[in-house]
Amino acid sequence: MEAIILQILDGLNKGSAYALIALGLTLIFGTLGVVNFAHGALFMIGAFCAVTISRVLSISQIVLDETRTDFLGKPLQVKVPYVDQWFGPEMGQLIVDWSVPISLLVTIPIMIIIGITMERGLIKHFYKRPHADQILVTFGLAIVLGEVIKYFYGANPVPTPAPSAFVGSLDVGVLIGLDPFTVVYPYWRLIYFGFAAIIITAVFAFLQFTTFGMVVRAGMQDRETVGLLGINIDRKFTIMFAIAACVAGVAGAMYAPINAPNYNMGMDFLVLSFVVVVVGGMGSLGGAVLSGFLLGILQSLASMTEVIDIAPGINQVIIYLVAIIVLLTRPRGLMGRRGVMED
Amino acid sequence: MSTILSVTDVSKRFGGLQALDVKKFDVTEGTVHGIIGPNGAGKSTFLNCLIGKLIPDTGTVNFNGKSVLGLKPHEINQAGVSRVFQTPEIFSDLTILENVMIPSLAHRDGAFKVNWWPRLDTDSEIRNHAISTLEDIGLADKMHNHAGAMSRGDKRRLEMAMCLSQSPKLLLLDEPTAGMSRADTNATIDLLKGLSKSHGLTKVIIEHDMHVVFSLCDRISVLAQGQIIAEGTPDEIRGNPKVQEAYLGGVEV
Amino acid sequence: MLGLKFSDFALFMLVVLCVALAPILLNPFPASSELAQFNAGYPDLLQRFVIFGVFAVGFNILFGLTGYLSFGHAAFLGIGSYAAIWMMKLLTMNVIPAIILSVIVAGVFSLLVGYISLRRSGIYFSILTLAFAEMSYALAYSVLTPITGGETGLQPKLSDPRILDAELSAGESPAANLFGIGMRDSYIVNFGDWVFTFNAGYYIAGLFLLVAFYLSIRIFRSPFGTMLRAVKSNQNRMSYTGLNTKPYTLAAFVISGMYAGLAGGLLVAMDSQVGPERMFWTASGEVVLMTILGGAGTLIGPVLGAGAIKYMENILSKINETVLKGWFEFLPDAASEWVVLFLNMFTGKSWHLTLGLIFMLVVIFLPGGLVEGGQRIARLFGIGKKRNQTVESDSAASK
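Protein chains in written order, with our numbering: chain V, 33 to 375; chain Y, 358 to 610; chain A, 7 to 405.
Treat the hints with caution; some may be incorrect.
[Stated by the list, open to error] In silico contact screen, one side only, chain Y against chain A (beta carbon under 8 Å); selected entries:
| hint | residue |
| --- | --- |
| 1 | Gly416 |
| 2 | Thr417 |
| 3 | Gln435 |
| 4 | Ile459 |
| 5 | Pro460 |
| 6 | Ala463 |
| 7 | Phe469 |
Just so you know, these hints were derived from the structure itself, not from any lab. Note that this is a predicted model, so its numbers are computed, not measured. C-beta: ideal position from N, C-alpha, C; glycine also.
This is chain V alone, in the form it adopts within the complex:
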């Protein structure tokens, strides 16, 4: 029982990342009709925004500490981050410690700029090209972005700590009436889940309750008609792309403490997210979120030792197995609409 709860928590956590990426993919696909293979790269760039900010915030100046001496009797050289000098040691420490959440403030504008540049500079020209061309050009872009990041940050994962307040774990078991120390789960992962829930709710609310969202939803149903109604759909497309890039970016930035980001993480997540989108049904936002969590949980449950004992290797293939079964029994995925992406 405890093990299952733990795995479900783990699954929700994985599912959060899948769902966030899949949500962005679906927004782009549903409104713009573009299959964006560079979406994983946006996730990765978001994660590296967090890395960069935490590095920038801890840029230090070497100062001489008169109160202490090194072994030669001279004043000791210590590194002091600039933020310490500007805001005082306590505030400075706090800022360095909270670099990941702070990085969101920078990630959002950066992702918006990247999103707009990408859409105006590249994607725009591919609306009328075949899906295969869209897949291929964004695939090429994903390679390029990954390599640029690799050039600047190296090929190895860059560990990025969460704020120390969230290091450690919460005894979830006690909260739901189980024995202490049976279900213990890291704080930051719980926060990530909550964060994902907020973002997903925000996106849905935005689409549901704003005029802009109404146009976008109408566009997802019937792109041509909305264009004919005299709505400047181009502008809306650009904004939609920026929003989707933003969702992927903040998802990546918050993910940095969970898994040390490396230049390849975008591709790893993209392949899985595409499976998620397709299982959910191309063009269905609800489907994307649902199948993101569903596949995340299934993957976690399948990696329980009890399950592996019965079906060895199942943890490795469960997602793909589910994808195959879903696609064969429900041709358009769980919640897909007829006629989307079947040509």
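Please arrange chains Y and A on chain V, whose structure you already have, making use of the hints.
Here is chains Y and A on its own, set in the frame of chain V:
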């Protein structure tokens, strides 16, 4: 003259909408049978039921004495039914000649024959047949051009050539003159009339343009709200008050 | 000629010539010159050119003709490799049984995968093939370790039964061969300052490429190939034209799977080892890149694309910072430092960046790949066909 196509009690529902409910529809061999009706009357749905694109909820469709209900589109085509679509469906990436060779190939190898060793361009049987079909329809001089680069009218003629190259027993035409100028329309009428003489094949035509229908068809069925409300010779239909009310809306024809 | 029309025959002969003379043509720089590092005429790389050429030619039969974009073709390559290595372990180090079995096993597996995946089209098909390939990869890594050797992969060992081969004497290691001709046997010619290596393994693989290429020309020009192109152009029309499209696309899928198996078998024949990373999705992506880069749907495109990517992978990645520094010594210090820093983004370990950029440029500006680029250049100089709508002047050429 025998009945080549016989439809009884065919119905199709889309959700709550009874799109089609045809009690009886027969086509005599060698005639041109027109189907007219206002927008949304179920004309296209009816045609789709005939070629296997849609499967009717109830009823029987017999072609040449055999039931074709529930057969796959390619099986119905193999039985001898070809269709010209409202928007021309051709192979735009291929040449005009290849476009016309493929239907005959499909009939020769269609069951499933991975015929990968011989060369298509030396297959004189298929090639000569295609060229003569193209000559009939007046596209032979452009046969090495890309099909996608043609005008809309030419595309429709190509599609007709593709269907004719299979020597079908029944040709279904979905609004063959839609969006055409008067001159093109007349040319198409002449073409279809010429085909009737030389090939003697049976045709079912869906059409909006009364001029086309009345100058081509031997018999006309009028479809309204999924039901056939009248059937007869062009003169009978012209004089039928029920038809005028339901469809022509009193407009003089 | 050989049952091909003149233009195809000429193309085929050109490829024959290129394959035969590649060890010379691709070694244009004298061994002692600084440019010798751009020489591609060494056996290891030449073998890769032709083997991945086979892989891409096969992929093109599926993607170029039917338009079905498979993202899991590396699985067939990998399975072919495993089949081949088991033949080498159990039966004989002769490469013929290994290659035959790899083609058969890959064919059977692709029949299974294709039968299921082809029930869907578009991106759904791509995801299904990807799913099968990733499953194969994950299983080869974990549960199937007894058969696949897991992470370490498989190599022929002295202790393997090899029932057809004579006992190896002490100190001898099992070497892949074709009736006694070792795959690593080379004939080295010194011509002035040039060194040319004629490698047995390369020529054997090259022969397979020529056969594969010839068969692909036959398929492209046959009724079968024409109908596949018609399926790509308009599948709807095809079924209303009386063709059951599914067996045709499945046949194309299986043929291209067998090509992939052949490539896998050849890889094992050359280097006698295999690991699961051969089935990873990046390997599937690579063959897509090769085919598109060269020109999908064209005959020669995939071979060119495979060559271009393998050349970049091997040559570009060798140009590291030290080499770059050597080149730009003549510049003032500061300038050379910047130039080196900049160029280093595109070479050495970062060669994928160049690959990605070139690939993007090709997709954006040359949807027909390198072949279209070549045609445009030819047209620029007034060679070849004029820019009219005529696609085939086959009436004159068919005789």
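Given Gln435/Y was flagged as interface, is its beta-carbon under 8 Å from a beta-carbon of chain A?
With Cβ-Cβ at 5 Å, under 8 Å, it holds.
May I ask you to test the interface hint for Phe469/Y with respect to chain A, counting a Cβ-Cβ separation under 8 Å as satisfied?
Cβ of Phe469/Y sits 4 Å from chain A, so the hint holds.
Holds or violated: Gly416/Y as interface residue toward chain A, Cβ cutoff 8 Å?
violated (21 Å)
Supplied contact hint for Ala463/Y, tested at 8 Å Cβ to chain A:
Since chain A brings a Cβ to about 4 Å from Ala463/Y, closer than 8 Å, the hint holds.
Can you verify the interface hint for Pro460/Y: is its Cβ closer than 8 Å to any Cβ in chain A?
The hint holds - Pro460/Y has a Cβ within 8 Å of chain A, the shortest such distance being about 5 Å.
When the nearest CB of chain A is found for Ile459/Y, is that gap smaller than 8 Å?
Hint on Ile459/Y: holds, closest Cβ of chain A at ~5 Å, below 8 Å.
A closest beta-carbon separation below 8 Å is what the hint needs, so does Thr417/Y meet it against chain A?
violated (22 Å)
Consistency note: the structure conflicts with the earlier hints numbered 1, 2.
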